[in-house]
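The listed protein sequences correspond, in order, to chains A, B and C. Letter by letter, the first sequence follows residues 29 to 532 in the working numbering. Letter by letter, the second sequence follows residues 18 to 524 in the working numbering. Letter by letter, the third sequence follows residues 38 to 155 in the working numbering.
Worth double-checking, as some hints may not be accurate.
Which residues of chain B face chain A? A partial, calculated answer using Cβ under 8 Å [what the hints assert, rightly or not]: (1) F434; (2) I444; (3) G462.
If you're looking for bench data, these hints aren't it; they were derived computationally from the structure. Positions of the beta carbon are idealized from the N, C-alpha and C atoms, including for glycine.
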Amino acid sequence: MNIWSALEPSQLINLTIIVPLVGAALVVLLGKNPNLRESISIATAVILFTLVLGITDNTFNQLNMATSWVDFLPGLNIAFSVEPLGVLFALVASFLWIITTIYAIGYMRGHNEENQTRFYCCFALAISSVMAICFSSNLLTLFIFYELLTLSTYPLVTHAGNKNAKRGGRVYLGILLSTSIAFLLFAILATWVSTGTLEFTPGGIFTDAQSSSLVSLLLVLFCYGVGKAALMPFHRWLPAAMVAPTPVSALLHAVAVVKAGVFSILKIVIYIFGIDNLSQISTTDVMLYIGAATVLFSSFVAMTKDNLKARLAYSTVSQLSYIVVGALLASSIAFAGASLHIVTHAVGKITLFFCAGSIFVTTHKKNISEMASLGRKMPLTMIAFTIGALSIIGLPPMAGTWSKWYLVVGALEADKLIILMVLTISSLLNVAYLLPIPIRAFFTPADQRSQSWSWSETSEAPWPSLLAITVTSVMCLVLFFYPQPIIELVNLIPGVSTDINGGT
Amino acid sequence: MFEQHSPVLPIILPLIAAPICILLGRSQLAWLFATFISALGFGISIGLMLTTLDQGVLSYSLGGWEPPWGIEVRVDAASALVLCVVTGISSLVLVYAKESIAKEIDSSQHTLYYTAHLLCLAGLSGILSTGDAFNLFVFLEISSLATYTLVSLASDKRCLTAAFRYLIMGTIGATFILIGVGMMYMKTGTLNMLDLAARISEYDSSRTLNTGLAFILVGVSIKLALFPLHMWLPPAYTHAPSAVSAFLASTATKVAVYVMVRFIFTIYGAEYVFHTMGMDTILLVLAIVAIFKCSFMATVQSNVKTVLAYSSVAQIGYMILGISLVSTLGLTAGLLHIFNHALMKGALFMAVGAVLLRTGSVDIKAFQGLGKQMPLTMAAFTIAGLSIIGVPLTAGFVSKWYLVTAALEQQEWTVAFLVLAGSLLAIIYVGRILEAAYFKNPAEGTTYKEAPLLMLIPLWILVFANIYFGIDTSMSVGAADTAAQWLTQPSSSPATALSVNMGGATQ
Amino acid sequence: MSFIVDYYNYWIVVFLMMAGFYIVISANNLVKKIVGLNIFQTSVFMLYISIGNVSGGSAPIVADGITRYSNPLPHVLILTAIVVGVATTSVGLALIVRIKRAYGTVEENEFEDKDDLI
Numbered sequence: 029m030n031i032w033s034a035l036e037p038s039q040l041i042n043l044t045i046i047v048p049l050v051g052a053a054l055v056v057l058l059g060k061n062p063n064l065r066e067s068i069s070i071a072t073a074v075i076l077f078t079l080v081l082g083i084t085d086n087t088f089n090q091l092n093m094a095t096s097w098v099d100f101l102p103g104l105n106i107a108f109s110v111e112p113l114g115v116l117f118a119l120v121a122s123f124l125w126i127i128t129t130i131y132a133i134g135y136m137r138g139h140n141e142e143n144q145t146r147f148y149c150c151f152a153l154a155i156s157s158v159m160a161i162c163f164s165s166n167l168l169t170l171f172i173f174y175e176l177l178t179l180s181t182y183p184l185v186t187h188a189g190n191k192n193a194k195r196g197g198r199v200y201l202g203i204l205l206s207t208s209i210a211f212l213l214f215a216i217l218a219t220w221v222s223t224g225t226l227e228f229t230p231g232g233i234f235t236d237a238q239s240s241s242l243v244s245l246l247l248v249l250f251c252y253g254v255g256k257a258a259l260m261p262f263h264r265w266l267p268a269a270m271v272a273p274t275p276v277s278a279l280l281h282a283v284a285v286v287k288a289g290v291f292s293i294l295k296i297v298i299y300i301f302g303i304d305n306l307s308q309i310s311t312t313d314v315m316l317y318i319g320a321a322t323v324l325f326s327s328f329v330a331m332t333k334d335n336l337k338a339r340l341a342y343s344t345v346s347q348l349s350y351i352v353v354g355a356l357l358a359s360s361i362a363f364a365g366a367s368l369h370i371v372t373h374a375v376g377k378i379t380l381f382f383c384a385g386s387i388f389v390t391t392h393k394k395n396i397s398e399m400a401s402l403g404r405k406m407p408l409t410m411i412a413f414t415i416g417a418l419s420i421i422g423l424p425p426m427a428g429t430w431s432k433w434y435l436v437v438g439a440l441e442a443d444k445l446i447i448l449m450v451l452t453i454s455s456l457l458n459v460a461y462l463l464p465i466p467i468r469a470f471f472t473p474a475d476q477r478s479q480s481w482s483w484s485e486t487s488e489a490p491w492p493s494l495l496a497i498t499v500t501s502v503m504c505l506v507l508f509f510y511p512q513p514i515i516e517l518v519n520l521i522p523g524v525s526t527d528i529n530g531g532t
Numbered sequence: 018m019f020e021q022h023s024p025v026l027p028i029i030l031p032l033i034a035a036p037i038c039i040l041l042g043r044s045q046l047a048w049l050f051a052t053f054i055s056a057l058g059f060g061i062s063i064g065l066m067l068t069t070l071d072q073g074v075l076s077y078s079l080g081g082w083e084p085p086w087g088i089e090v091r092v093d094a095a096s097a098l099v100l101c102v103v104t105g106i107s108s109l110v111l112v113y114a115k116e117s118i119a120k121e122i123d124s125s126q127h128t129l130y131y132t133a134h135l136l137c138l139a140g141l142s143g144i145l146s147t148g149d150a151f152n153l154f155v156f157l158e159i160s161s162l163a164t165y166t167l168v169s170l171a172s173d174k175r176c177l178t179a180a181f182r183y184l185i186m187g188t189i190g191a192t193f194i195l196i197g198v199g200m201m202y203m204k205t206g207t208l209n210m211l212d213l214a215a216r217i218s219e220y221d222s223s224r225t226l227n228t229g230l231a232f233i234l235v236g237v238s239i240k241l242a243l244f245p246l247h248m249w250l251p252p253a254y255t256h257a258p259s260a261v262s263a264f265l266a267s268t269a270t271k272v273a274v275y276v277m278v279r280f281i282f283t284i285y286g287a288e289y290v291f292h293t294m295g296m297d298t299i300l301l302v303l304a305i306v307a308i309f310k311c312s313f314m315a316t317v318q319s320n321v322k323t324v325l326a327y328s329s330v331a332q333i334g335y336m337i338l339g340i341s342l343v344s345t346l347g348l349t350a351g352l353l354h355i356f357n358h359a360l361m362k363g364a365l366f367m368a369v370g371a372v373l374l375r376t377g378s379v380d381i382k383a384f385q386g387l388g389k390q391m392p393l394t395m396a397a398f399t400i401a402g403l404s405i406i407g408v409p410l411t412a413g414f415v416s417k418w419y420l421v422t423a424a425l426e427q428q429e430w431t432v433a434f435l436v437l438a439g440s441l442l443a444i445i446y447v448g449r450i451l452e453a454a455y456f457k458n459p460a461e462g463t464t465y466k467e468a469p470l471l472m473l474i475p476l477w478i479l480v481f482a483n484i485y486f487g488i489d490t491s492m493s494v495g496a497a498d499t500a501a502q503w504l505t506q507p508s509s510s511p512a513t514a515l516s517v518n519m520g521g522a523t524q
Numbered sequence: 038m039s040f041i042v043d044y045y046n047y048w049i050v051v052f053l054m055m056a057g058f059y060i061v062i063s064a065n066n067l068v069k070k071i072v073g074l075n076i077f078q079t080s081v082f083m084l085y086i087s088i089g090n091v092s093g094g095s096a097p098i099v100a101d102g103i104t105r106y107s108n109p110l111p112h113v114l115i116l117t118a119i120v121v122g123v124a125t126t127s128v129g130l131a132l133i134v135r136i137k138r139a140y141g142t143v144e145e146n147e148f149e150d151k152d153d154l155i
C-alpha cells in the first residue's frame, strides 16, 4: 500500500504539507478553466491520501520520520515528526478531503456559487495547515499552523460575502484568534519559560521542578486556548461558522478545524502533560466536568434548533467535548476512545452535513420543520442521514459504537460514574435531536394525498454529491465491522491502549 | 581611508547632500540623488553592523580630537541595528516618495521635500552614532526641525497646525533634554557618554543627577510619544504627507526610544535608574496604559492614518515595556520590536499612501471594496496588519514572543498576559479596515487603478521583510541580542566588553 | 536668606522657565506661544552660562598674570543651542505665516475645527 516507498520516509512529511500548497497554486493558475481546476483539486487530494498512506505504512513499520524546516529561536525550530495520533488524524482529514472535493463539485456547481477558485484554493491551504498540525513536533509549530488554519478558513466561512457571512466571520475569527493569542500562546510561552522546551515528548515535559499550581493553571489555559475544541463558553464560533457553504461546514467544521482543536488537546495532554501525570493535576477534574457540562448543555441547545445546520453544529460542539472528556479522564482506554472518536465522529458528522447540503441544494430547505416527507423525494439522502445519525448516537452496526464503547469503559476504569451518566444521557439526547429528522422525512406526510411512492418522484442532489454521501455512509458501516487498522494505530500511541488492563 | 571614516559617513553624507539637493533644482534629479545617498548610507550601515557584530565597538574622533575632549562618534551593535533600520526605511521611502508626493505635495516644493528628508536622515543618523550627550541634543534638533518642515509640506491645511503643535511639544522635549544634560555636566564636568557613565557611577546619590535624569526621561518621553505625552503624534502623522508618515512612524520615534535606552543603560546605568530611582514601575505602568488606551483609541477612529498613528503610540508602549522589564531579555525584546515595528508600520503607512493616491481619501469609507480594485496594495496591508496583530510567521509574532518570554522570565505574569491581551485590540482595529476593504462594496461607479509600480516595490519589499524576519529570526534577534548584551554590560573597554559579549552569546 | 541670595542665578532661571512655560500653555496667540518658547529656552541658556562661572575666574582669554579662568565650554555649547533656538523660532514663525494664510487667523480660539487646536 505504500507507493512512495522509494522516497526517503522523512520527505513524505514535507510532501504532505507541500502537495496541497502546490495544489492551491495550480488551482489559482487554472482558475479560468473549472474542469481542469476541479481535476487538479481531486488529483491533489488523491496524491495527498497516498502520501499519508505511505506514512501510515512506515508508522506500522516503526520507521522514525522527522524533518526540521527553520530554526526559529535557539533551541526552538519549526519541525515535524510523525507519531501515531497525528497519522490517525492525517488519514481521516486527507481521506475525507477527497470525498469532500467530489461533493463540493456537485454542490458548488449545483448552487452556482461565485469565487469558486478562491474556495478551492483556500480549501487546499487549510488542508496543508492541517497536515502540518498533524505532524508538528513541538508546540510552536503546532501553534503557527493552528493560526494559519484559522486564517485560511476565514475566507471560506465568509464565502457568501453578505451581511450574515460577515457577522459569522467576525465571531469566528474573533473567538479563535482571541483565545489562541490570549490563552494558548500565553500557555505555550509559560511552558517555554518554565521548562525550556516545547518538544512533544512521550510522558510529558513537566517535572517536579514546575510547581503544581503552575501546571494546573497551564492545563486550564491550554484547554481554553485551543478554542477550536469549542469548550463552553468559547463555542460560539462554531454555530457562527455555519454561514459557510455546506462543503466547508462539512469538512472544516465537522472534520478539519474542530478536529484540529481536539487533536491539539489530545496531543498536548499526551505529550506535554503525560497521561500518567494527569490525575495529579488539580484542575483536571474541573476541566473534565466543564467538558461534561458542554456535552449535555449543547445537546439541549441542539434540540431547540430548527435550522438543520445549526442543530448539527451544536451536536458537533457536544461531540467534541466527548473527546475532551475522554482525554481528561486520565485512563488509557478513555484515551483510545477519544482518539477513535476523532475518526468515527468525522465520518458520521460529515455524512450528516453532506445530507444537509444536498437537501439545501435540491430543495432550498434549511429548516427541519419544512422537511416533512422529504424521504419521498430524496430517499437515498435520507437513508444516508439515518446511517450517519445512528453512528453519532453510537448504535451498532455503526462506527460510532466503538468510540463510545471505549469512552464508557474508560469512564468506568477511571471510576467516574458521573461521566458515565453524562455519556448515557447524552446518547439519549442524541436520539432525541437526530432521529426525529429522518422519522419526519419518512413517516410524516406533507399533505393528505396518499399516492404510493415511486422512483419518478425522486430528485436527488447532483451525482457527485450523492456519490460522496454514499461513500461516507458506507464508511460508517465499514468501520464498525473492520476497525482493526484504526485500533492498531491507536494502540501505537504511547500510554494508550484499548485493553482493559493495558496501559503502556 | 574609506573604511577608517565609515562610522561618520552616515551623518556626513546626507548632511552634505541636502544643500546639493536644492542646487539640483529639478525634482527628478533631486529624487535620484537623495535615493542614491540614502541607499549608500544603508550600505555603509550594513557594513557597520557586520563590523560591530564582529569586532565590538567602533570609535571615531571627529577632527582628530581624542575623546573625552573631542566629540566622539561611537557605533556599537545597538546603534548599528537602529542605523540599519533608519537608513533602510529611508531608502525605501524615498523610492516610494516620487509617486506619492506627486499628488500630496505642491510640485514647487518637491526638491525641498528631498532636502528636508536628507537633513532629517542626517540628524537621526547623528543621534544614533554620536558618543557625546550634548551632540545628541543638537542632532535631535536637526532631525526635529527637518521633521516639522516635512509634516507641514502636505497640501491639506490641517498639517500646519499639526506641525505647529509638534514643534511646540518637540521643542519643550528637546529643551528638557538640554536641561538634563546641563545638570549632568554640572555634576560631572564631562559630556562624553562613556566618561559620564564612569563618573556618574562614582556618585552614590546626587540630587542634581536625579533631577537631570528626570528632565531627560520626560524630554525623551515627549519625543518618543510615550503616553500621556503623545498628544502631538496622532495629528502629525495623520496630516503629514504619506511618505513622511511612513518615514517618521518607522524611524523618528524609534530613534527616540534608542535615546532613552542610551541614557538609561549606557550613561546612568540600569542599576541606578531602575533600582535607586524606581523608574521601572513608572515606565511599566505607562507602557501598559499606552498599549490599552491607544489601541482602544485606534479602534474608534475613522481616519485610517489616525488609526495607524494611535497604533504607533501603542506599539511604542511595547518597546518601553521591554525596557522597563530590567533584564537583558527585555531589552532584546524592546530593541527587536524597534526593528520589527519599523517594518510593519512602514508597510502600513505606504499602503495607506497608495490608497490616498488613488482614491484621494484615507477615511475608512475610502477603503470599501478596495480588496478587488487594488488587490496588491490591500494584500500588502493585510500581511502588515497581521504582523501588527502578531500572527505567527510574521515579524510581529517574534516581537510578541520575546516580550512575553521576557515578562515571564521576570515572573511578571500579569504583564505577560496584558501584552497578549493588548494584541486582541489590534485585531479589532486592523480587522475593521480589512472588513471594509474586502466585504463592503465600493461606492457606485468608482473604479480605482492599482498603485504605481514604484510604490508597490518598496511596499512589498517591506512586506517580504515582515515575513522573512518572522521566519528566519537569526539575523534580527542576533543583532538585538548582541546589542542588549552590550548595553547591559557595565564594562566600557571594548576588549573586555567583546569577550563578555562572546561569552554571553553562547548562554 | 543666604539660600536665596547664594543661588540667585538658579532662581532667575527657574522664574524665567516657569514664565515661558506658562506662556506656551496659556497663550491664545500663536506668536505669543513662540515668544514663550523663546523665554523658556533662554532660561536654559542662562543656566548653562551661569554654571560656567568659576568664582574669581576671569573671562577665558589667555592673558598675562591671570591664572584662573571661567569654564568656556558651557558658553560654546550654548552658542550651538542658541543657533538651534533661532532655527526653531524661525520655523515656528514660518509655520505661523502659513497658518495665517490658510486659516485667516493666528488666534487659537478662532479656529473653526476644534481638532485643529494646538
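So, going through the hints one by one against the coordinates:
1. With 8 Å as the threshold, the beta carbon of B/F434 comes within range of chain A, its nearest partner Cβ sitting at about 6 Å, so the hint holds.
2. Below 8 Å, beta-carbon pairs count as interface contacts, and B/I444 has one with chain A at about 6 Å; its hint therefore holds.
3. At a threshold of 8 Å, the smallest CB-CB gap from B/G462 to chain A is about 20 Å, leaving the interface hint violated.
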